[in-house]
Structure formats: C-alpha cells, structure tokens
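As given, the protein sequences belong to chains A and B, one line each in that order.
For the first sequence, this note's numbering assigns the number 1 to the initial residue and increments by one for each residue that follows.
For the second sequence, this note's numbering assigns the number 1 to the initial residue and increments by one for each residue that follows.
Treat the hints loosely; a few may be bogus.
Here are some of the chain B residues that sit facing chain A, going by a computed Cβ distance under 7 Å [unchecked claim]:
no., residue
1, I228
2, R229
3, M237
Output of the computed footprint for chain A on chain B, the stretches with three or more beta carbons under 8 Å from beta carbons of chain A [what the hints assert, rightly or not]:
no., segment
4, 57-66
5, 99-110
6, 126-138
7, 161-170
8, 179-185
Using 30 Å as the maximum straight-line C-alpha spacing, the simulated DSS-like pairs for lysine-lysine come out as follows [as the list claims (entries may be wrong)]:
no., chain 1, residue 1, chain 2, residue 2
9, B, K154, A, K82
10, B, K154, A, K262
11, B, K128, A, K227
No wet-lab data here; the hints were simulated from the structure.
Every residue gets a Cβ at the ideal spot worked out from N, C-alpha and C, and that includes glycine.
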Amino acid sequence: MTVTTQAMVPEAEATVVPAAAATGSRWRRRPPERPAEQKDRGIISPVERRRPGIARSLRLTEVLLLIGLVIVGLGPLLWLAKSAVTPTQDTLRDPMALWPHGTDWGALWTAWTTEHLDRYFLNTLAVAGGSWISQIVVATTAGYALSVLRPRYGPILTALVVGTLLVPVVVLLVPLYLTVLNPPVIHHSMLNSWWAIWLPAGANPFNVVLMKRFFDNLPREVFEAAKVDGAGPYRLFWSIVLPLSRPILGVVSVFAIIAAWKDYLWPLLVLTDPNKQPLSVRLPILADLIQLNILLSALFISTVIPILLFLVFQRLFLNGAGMSGAVKG
Amino acid sequence: MSVIDRPAGAQPPGPATPAAPASSARPGRSPITWVRGGGLASVVFLLPMLIAFGVFSWFPMVRALVMSVQQTNLVSPATWVGFSNYSNVLHDPDLLTAIKNTAYFAVLALIFGYPIPLALAVVMSEVKRLRGVYTALAYLPVVVPPVVSVLLWKFFYDASGTGVFNSIVGWVGLGPYPWLQSATTAMPSLVLEATWAAAGGTVIIYLAALTGVPPELYDAAEVDGASIRQKIWHVTMPQLRGVLLITLILQLIGTAQVFLEPYLFTSGGPADSTLTILLLIYNYAFGSSLSGDFGSATALSVMLALALGLLSAVYFRLTRSWSTS
Chain A
1 MTVTTQAMVP EAEATVVPAA AATGSRWRRR PPERPAEQKD RGIISPVERR
51 RPGIARSLRL TEVLLLIGLV IVGLGPLLWL AKSAVTPTQD TLRDPMALWP
101 HGTDWGALWT AWTTEHLDRY FLNTLAVAGG SWISQIVVAT TAGYALSVLR
151 PRYGPILTAL VVGTLLVPVV VLLVPLYLTV LNPPVIHHSM LNSWWAIWLP
201 AGANPFNVVL MKRFFDNLPR EVFEAAKVDG AGPYRLFWSI VLPLSRPILG
251 VVSVFAIIAA WKDYLWPLLV LTDPNKQPLS VRLPILADLI QLNILLSALF
301 ISTVIPILLF LVFQRLFLNG AGMSGAVKG
Chain B
1 MSVIDRPAGA QPPGPATPAA PASSARPGRS PITWVRGGGL ASVVFLLPML
51 IAFGVFSWFP MVRALVMSVQ QTNLVSPATW VGFSNYSNVL HDPDLLTAIK
101 NTAYFAVLAL IFGYPIPLAL AVVMSEVKRL RGVYTALAYL PVVVPPVVSV
151 LLWKFFYDAS GTGVFNSIVG WVGLGPYPWL QSATTAMPSL VLEATWAAAG
201 GTVIIYLAAL TGVPPELYDA AEVDGASIRQ KIWHVTMPQL RGVLLITLIL
251 QLIGTAQVFL EPYLFTSGGP ADSTLTILLL IYNYAFGSSL SGDFGSATAL
301 SVMLALALGL LSAVYFRLTR SWSTS
C-alpha cells in the first residue's frame, strides 16, 4: 500500500493545483469595464446569439436536447412509475402499453406491507442515519484539529488521510470483513449489527479533506477574536466553527446519506440477517421470490425517496457533485 | 500535501503562522504546559478520526499485505505461505478471463461514457433558459439507487420479443436481441446501463469546470475571427484539459473495480463473459464454500491496487507536460 501511496502523492499534489485555482475563480479579477450582458457569456457570444442562423440552430439544439434528456433521464423512471401500478400480465405482454386493462394500485400496498418493504425501508434509514452521524463526527473533529488546532504531527496525519484516498477500496474488502468479524479490543463480532456499517463509514478520507479545506478558508481573525474573548478549543469548535460550516456540512451530509443509501456490497457481506438488511441488499433477493408487479412497485418505492430528496435539495446535490470533481481533481 | 494544507492561496503563508500562537502548540516542557497549550485538545479532537481510520482503514490495509502471504480461513489459525497465494492466483485460468473482461468493460465504458458527458456539458452550458431543468434531468439517473437501476434494466433487457428494449428496437424493425443472454452482447449491455447510471455525475463536474473558463479567452478568440467550432476546439477543450485528464483516470480506476453490474446482472455469465476481477476476488473470498480463500482474495486485491497505482503513476508522468495549461 505504502508503495502506491508514496508513488502517487506528489502527482496528486500537482493535480490539485488547477482544481484549487478553479474553485477560487470567484475571486479571479475581471476587467471592471466589462458590459453586464457579457459577464456570464459562454462559448457563443451575445452577438453570435443574435444572428438568425445561429439563433435558430441553438433553439433546435435546445429542444432536441430537452427531448433526449427527458427520454433517457426521465423515461425509465416514468416507465417504472407506470408499471408499478400495472397488473403483471399487462406488463409482460406489452410493456410499452399504457394501462390496457386498468391500474392495480394494490401492488404498492402489497409491496409495502406483505413484502415488509416498510421494515427494509426503516433499516435503510437506520443504516444511512448512523453512517451520516459517524461521518459528520469524524470529519468535523478531524478537520478542526488538522486545520485550526494544527498540532505538530498534523501534516503527517493529513498525509496519511490523503494517502488513503489514493488506495483503491477493493484492497479493504476482505481484511475489513475479517476486522469486523473480530474487531480489536472488543473482540466481539459486529456481523449482523449496523455498527459494522456505521463505524467503517466514518473512515472516509474524502470528507476529512473536504472539511479541512473548508476550515482552512475560514477567516483566522474570527478564531483569534474568540480566543481573546476567552473561548477554549472546545467552545471555539462548537460555537464558532460548526455554525460557520453549515454549507459544507450540507454537502457532506448529502454525500453521506446518498452513499449509504446506494451501498450494496458491504451491507451484503456484513448483514446476513434479513431483519437487518437495507433495501439495496433485500431487493435483489426479493426479485427472485415475488411477482413482477410487486417487485416493480418495490423498486418504485425505493426510488421515490431519493428522487424527492434530490428535487428538494437540488442545489446541494449539484454543488456537491461539482465540488467532488474539484477535490478529486 | 502542501497544496491541500493551504488551498487557493487564501492565507498568505507569512502572517498566518505568528497569528496563531496557541494552536501551533510547541510541545511543552512538561505535560501541564502541553495541556495548557492545547495539545490535549488536539488529541481529543483527533480521537474519532484515529479510531475510525486506524481500525477500519489503516489497520486493514496493512492487514491486506500480511494476509496476502498467509493462508487464512475462519477455521484454523493463519499460517505463513510466502508468495504461494500470488502464484495460485497467477496460475488461475480464470484470472486471464477476468483481466480481459475488465479491460473490455473499461474500454467500452470509455467509448460510451467519456465523450457523451463532455458533449452534453458543453451544449448544456450554452442553454440559457431552464438550465436547472436540463441539469436535473441529466443528474436524475445518478440519484436512482444502483441496485434499483440494475434490477430495472435487467427487466428492460428481457430477451423475448416483448421485452422493453426489444419492443422499442422492434418499432424500427430491429431485433429482438439476446442482450444479457449472449456472451457477445452481455458486456456491452452492462456498460450501457453503467453509463446511463454514471454519466450525469460527470456532466455536473464538466459544467462546474466550464464556468471556470475565463470569458476573456473567448473574446480574444473572436477578435481573431474564430468560429464557434474553433472556439470549442481551441479554447474550451484546452481549458478543460486538467479536468478531462482527471476524469479519465478516475473512470479507469472505477471501472477496473466494477462489481455491481456483473454480479447482479449476470453473475459473471454467460460462459464467464462478464467475470470481472472484482467478481473473481469476491468468488475467492465469499463465493462458494463455508471457509473462503481469503489469502488469494487479498493477493489479487493487492495486485490490482498495485497495477492501478502503477497505471496512475505512468499516466500522470506521461500527461504531466500537458496537464497544466
């Protein structure tokens, strides 16, 4: 591992530079005489936009793109919504027909109650919630210590964390599984316990780097002022740094919850008890056991929640996704 | 590291250091001065990270190296076996199949998944009205839980004439295709779904990068009489070069570890045509009997990690000269 890490760290540094510069583009100085219209111009200039030929093909491109995105991005989900309330025979005979013999809303209820989707749903919430808490606790405290308290040995720890970022997750799979089977100190298997997901989730190097970078950019004067007013390191963390870091907490939270919601392989390995399994692990098993319309209803229910979350917190999602590029870059 | 420590040149290196005397705590002469200087607080705040990373990240990484030269199962204590795990894996006829399949997946994913998000992002960045709708639509598949996407697409790929995709291609007189049922079409089908599920994330990254292109460059290109196509080719693409290089290697590293699609769609079949390296690792460790071959599994993981490390190192060395513009 160390070989990989050492070999890659200098390269990673080199590549973080342009990304950091890109993040700081807000402060890039622009000539003040720039007309307001051109301030957010892209590839095509306002003059070109007014030319009839270009304007027409632009409109055409926009419309075609919209149609394409609706079909590809939304289409499968609309199909799923339709088929969730279609009787199995109709879906099998003509999957593209729209309710040839009416709808069957009962499938949704059957999936939720008889197939115990409610329980797996609550399990998913428990898995995601615990992972979220563990990631937030580790990321905020570590980011604060490494960025604000800055002990002598801090840079070494930062290097270790960044090094972890560069090691492919696959290496961890088997040894982590054995660690969870027989964890050090407590020596009590965490198999079939949510702790087996919650605790390893905290070891997320990406969060720590993101948090540390954010704290690095907070104005030092505020910390100094708080110290002059007698705030110790704990008070400074709780009353100054945490309230200031609400935006980044939002981003990390969205990442944490979505990642936990999506995770499959790890919960599959450590949660063998169906009463503990989240939706992601349970759905493929159900797929072989239950009727098609019930399965499609179950898939629909499992999709609606993340999509609603996305629509409500859209800005947070998209900023975060953009930021992930900046940090990875 | 230095870059990450001081990002975006937010603090000038000079005045920041003397401004924080308490935090840059010198190790005191006695434990009391150490505690007064904030040394204890640092340790307290670092504790969650040290436990989480120590137990669940750093320790398992070291353990991976150790286990790869041990014979380990859950029944008997581990014994040292030298490099025999490695030679077992290297002599496994499935390994070559897995490497070929993984490389095939990676190449197909590159062909499908690399140009499409870029083209989408460039066009979307020029959309003025309802930009939010476009981005939301492009990102929607990323929000769908991967397991749901795979199960849904598995149904779409139904090989009968009344399967969803076969119905659609039937409208234009094509098909029916066997999709997942045939060794030749199974892998492209997997890649198609994987691309659908992931492209939106890359689009967002490119869109963010596109906002960082200084408009002055376009102005200057126009003064020189550049057409829209020339501006894209000679201004936009060079400006995105850094991001493009990174997403390429990240995509390669990601696809080299593909598991979900081959596992849930085809379990490696038909005729091992979708058996990937990660699936092989999984099969070694958790695949069949009660006690898995953890030694071979870790040996293969370590080799994969080393190969990816080497790939990235070579990649960055080769592209260094044209990565920073």
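So, going through the hints one by one against the coordinates:
1. I228: 6 Å, holds
2. R229: 10 Å, violated
3. M237: 11 Å, violated
4. 57-66: holds (count 9)
5. 99-110: It is violated, with 0 qualifying residues against the three required.
6. 126-138: Answer holds; 11 residues pass the 8 Å Cβ test.
7. 161-170: The restraint on the segment 161-170 of chain B holds, since 5 of its residues have a Cβ under 8 Å from chain A and three suffice.
8. 179-185: violated (count 0)
9. B/K154 x A/K82: 17 Å, holds
10. B/K154 x A/K262: 18 Å, holds
11. B/K128 x A/K227: 47 Å, violated
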